[in-house]
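Enquirer: Okay, here's what each chain looks like letter by letter:
Number of protein chains: 2
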Amino acid sequence: MIKTISLSPPSLSDNTADADRLIRTLKHELNTDRISIEIDLLRDLPDILRKYDYQLRCLLFQDRNSYLLVNVSGADETSPPQIGLAVDLGTTRVVLRLINLINGNALGESTFDNPQIAIGPDILTRIHFADTEGGLEHLRDLIVNGINKELSGLCRTCAITPKDVYLISLAGNTAMTLMFMGLNPHWVIREPYIPVINTPEIMNVCKLGIKANPLAKILIFPNIGSYFGGDLIAGILFSGMNVSEETAILVDVGTNAEVVIGNKDWMIACAGAAGPALEGGLSKMGMMAGSGVIDRVSIHPATYKFDIHTIDNQKPIGICGSGVIDLAACLFLSGMMDIRGKLVPAACGNRFKEKDGMGCFVVVSASESATGRDLCISQADLDSLKRSKAAMFTILETISGTVGLMLSDLKTFYVAGTFGCFINPKSAISIGMLPDLPLETFKPLGNSSLGGAGMALTQDCIDTIDAIRNQITYLELNVNQDFMNRFSAAKFFPHTDISRFPSVSPDAMY
Amino acid sequence: MIKTISLSPPSLSDNTADADRLIRTLKHELNTDRISIEIDLLRDLPDILRKYDYQLRCLLFQDRNSYLLVNVSGADETSPPQIGLAVDLGTTRVVLRLINLINGNALGESTFDNPQIAIGPDILTRIHFADTEGGLEHLRDLIVNGINKELSGLCRTCAITPKDVYLISLAGNTAMTLMFMGLNPHWVIREPYIPVINTPEIMNVCKLGIKANPLAKILIFPNIGSYFGGDLIAGILFSGMNVSEETAILVDVGTNAEVVIGNKDWMIACAGAAGPALEGGLSKMGMMAGSGVIDRVSIHPATYKFDIHTIDNQKPIGICGSGVIDLAACLFLSGMMDIRGKLVPAACGNRFKEKDGMGCFVVVSASESATGRDLCISQADLDSLKRSKAAMFTILETISGTVGLMLSDLKTFYVAGTFGCFINPKSAISIGMLPDLPLETFKPLGNSSLGGAGMALTQDCIDTIDAIRNQITYLELNVNQDFMNRFSAAKFFPHTDISRFPSVSPDAMY
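Which chain is which? The protein sequence lines are P and V, in order.
Mapping of the first sequence onto our numbering: position 71 corresponds to residue 71, and the numbering continues sequentially without gaps.
Mapping of the second sequence onto our numbering: position 301 corresponds to residue 301, and the numbering continues sequentially without gaps.
For the record, the hints were derived by calculation from the structure and aren't laboratory data.
You can take every hint at face value.
Since copy identity is lost for identical chains, a pair holds within one copy or between any two.
Below are the SDA-like pairs computed for lysine to any residue, each with C-alpha atoms no more than 20 Å apart in a straight line:
| no. | residue 1 | residue 2 |
| --- | --- | --- |
| 1 | LYS27 | ASP463 |
| 2 | LYS27 | ARG469 |
| 3 | LYS51 | TYR193 |
| 4 | LYS211 | ASP40 |
| 5 | LYS51 | ARG190 |
| 6 | LYS27 | ALA467 |
Only a predicted model underlies this, so the values are computations on that prediction, with no experimental measurement involved.
From just these sequences and the hints, can you work out the full model?
Expert: See the structure below:
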């Protein structure tokens with residue numbers, strides 16, 4: 001929070017100390033009884049007060065039970081900038097966004113691969129690596145140095161310096177958050193699955209090796225538990241479902257499907273493995289979104305000709321999650337894939353090939369691809385996708401059932417994650433991954449983790465964040481017979497009970 | 001505060017995170033809603049919990065609005081020690097005391113000269129030096145390195161290491177406190193006399209370069225203002241006058257006379273220059289207490305023979321404040337010094353000598369002194385003492401008069417400072433420095449600054465300390481005609497108004 005204030009200068013009749021004078025006024029303005037000021041800020045304070053003639057712009061950060069005074073500068077335009085950094089700390093990708101704290105405007109954004117991928121693409125490999133000699137420190141250094149390097153470049157682009165960055169807000173999953181702090185995630189994956197800590201303190205960035213202003217503070221979003229991280233809390237904050245009267249559902253689609261249902265009075269969350277198929281994890285052509293990656297696929301209802309869109313309109317090199325969902329929907333609606341998810345060679349025509357003894361569908365022929373090879377989706381890929389979408393749907397059904405709601409009762413369905421931004425809900429419904437709700441029900445949130453982290457920089461959110469955390473009831477997914485029955489029923493396109501997907505028919509092809 | 005607790009181990013039905021589990025129990029035990037835990041403590045926490053089977057001894061330090069969890073160890077006897085350090089940060093001397101936090105016992109103590117004396121013996125020289133290039137940093141380094149070195153030696157003596165020290169509590173005057181923190185005391189001595197800060201946060205010792213446990217916290221006693229420091233707040237805390245129904249007075253005798261009068265409902269304080277005479281600052285033979293220094297003097301009522309006591313019973317090398325007061329009382333009561341404080345050569349006999357054109361009194365002859373020279377007190381020394389004692393008495397009169405009390409109304413008169421411990425109240429009354437109250441009224445507190453700092457290590461004092469600070473009304477001593485009249489009247493032995501000192505007569509010689 002930025003607060004512009006005017007202090008009465010000291011005099012013999014009011015010889016309150018410099019810091020006490022400043023805090024007295026801030027307490028009054030903010031109507032708070034506790035403002036904390038660090039010694040490093042005190043060193044220059046007497047000179048700053050006098051230089052700016054007691055007309056000040058103060059940067060404060062709300063902590064639990066107090067405000068932290070982070071920076072004091074002059075109230076005029078010529079004073080140095082006060083910048084915040086929001087971080088979405090993903091297992092695979094890390095996104096940074098700089099925000100001008102004075103007006104709340106985004107200055108710039110950049111994305112980079114999590115350098116821990118060098119240790120292992122999946123979090124499990126990294127957690128095991130953390131137990132090796134020096135492993136934890138190495139993992140921490142990789143991500144901390146990676147952020148420092150990227151931040152430095154991003155600052156240059158935005159014509160500021162890391163020294164101008166006074167607040168950082170970071171949201172990530174539990175294991176990533178722990179490793180970033182140099183805390184061992186050992187017990188996160190071992191019964192009874194407990195992290196070292198769920199609610200870290202707001203701390204000085206120096207403590208963590210982040211190179212911003214030495215006085216900068218960092219808020220790390222709290223986790224609910226080992227399998228429900230701060231990125232989700234940030235997503236909930238960003239969606240606003242925590243302040244809404246109406247019950248909504250929020251889904252973060254990825255290797256893990258994380259789901260929250262609720263409103264301002266209650267929230268229930270669960271998470272379950274959905275498999276890698278939805279996140280570019282297909283055997284050959286699957287990949288994360290990027291230049292030349294197929295992100296949208298449609299099929300002409302009359303000619304059955306595929307229309308393929310790639311990011312940046314480059315020659316195709318592979319396909320990402322949203323493209324796979326579109327593709328499967330097209331294959332199913334056109335009859336090239338049957339209700340069990342099996343390719344129908346006769347319907348596929350010359351696009352059907354056998355490779356390594358397995359049927360596959362040629363999405364892009366060698367002559368048209370950037371790789372010079374056919375881009376294919378195999379039967380195994382489609383089977384994998386089927387399991388993933390079935391898991392997702394079953395989780396949605398289970399959590400809504402737990403609170404006595406039908407999915408059709410929901411008026412708002414938030415789809416989170418960068419990926420969620422690009423999913424075509426119509427395709428996702430066609431394959432039975434999302435329930436058959438009116439299309440306007442689906443609200444893509446984009447990178448809600450980053451969005452929530454950004455909110456925490458400019459608004460006093462800490463109490464809200466803690467309230468979200470404390471309000472959520474985490475539902476341990478009980479993989480019992482009932483769950484398995486539901487899962488089996490969902491392992492069809494779109495579902496064994498077709499009546500639940502009235503909108504899905506070849507007539508709806510696009 | 002030490003808290004021994006037993007946690008329920010984690011299970012699938014209670015998979016609260018390690019830190020949250022610990023904090024939950026501590027919150028319940030301490031009946032508080034906020035306990036803060038630092039990241040460095042988290043690193044080892046999972047292993048500590050498991051190693052000690054969830055039977056723990058927690059060291060907490062009360063902060064404003066929360067408790068800080070500083071160390072977690074096993075509840076059994078074999079766990080590492082948890083030690084606290086109290087520091088009396090004097091301009092001239094620094095005293096360290098180690099305290100076992102588990103049972104509150106003092107482990108050891110050591111005193112050393114403030115290394116800043118190399119810059120200047122008086123605080124004013126140092127404050128000016130702080131404004132020179134690198135001066136402030138040099139002053140800070142001198143005191144911080146001095147404490148580190150002394151602490152290291154003291155720990156060795158006590159068979160512990162600085163790493164065992166988790167809490168530090170430090171009380172000093174305002175300028176010393178600021179310089180210790182590396183904050184410029186520039187404005188302390190310039191109108192309108194405002195320090196950078198009066199109430200520093202509890203912080204990590206690392207911030208200040210103190211070499212104790214890296215997780216150790218330091219409480220720096222708050223100041224009232226430029227001329228009333230944390231050492232006095234510590235003294236008030238130690239005396240207990242802040243919780244007493246009865247009005248008491250507390251005097252810290254030194255170059256500055258600092259006086260507080262009050263009770264649990266109100267307190268008024270003032271400070272004024274008393275001159276160096278009371279603190280070993282005499283021209284030739286004056287010195288701080290130490291081996292061979294004369295600390296007690298008496299005179300035989302019949303033979304007028306002086307009985308001289310030295311510390312450690314060594315041959316005399318000089319005289320300290322308590323010795324000077326005794327000596328002046330003896331000279332006055334025996335008639336060797338008159339009511340104006342002038343030596344009476346006829347009465348002094350061969351002990352009177354002229355040196356450099358000035359009369360002086362030989363306290364110890366060259367043959368009996370350790371220096372091989374006469375130890376003398378000169379007429380100038382006695383004049384200086386007269387001004388000092390008059391200033392002290394005038395301040396006492398003024399402050400009690402301000403609240404409508406006679407000094408004779410007081411039932412308790414605390415005399416603080418190491419020096420206060422050794423003053424013979426009877427001598428101090430005889431020269432008119434202290435009021436003529438029954439001797440049992442005077443309560444020497446010893447090093448009350450150190451005592452108060454020690455209390456803050458083992459008791460939850462922070463709110464009390466802040467309450468004392470906020471309760472005190474600081475009385476700016478108005479050196480007007482009225483004050484000067486009182487001062488003039490006090491510049492006699494014991495006073496122009498002898499009726500105010502009924503107990504003082506040659507019959508009371510001792």
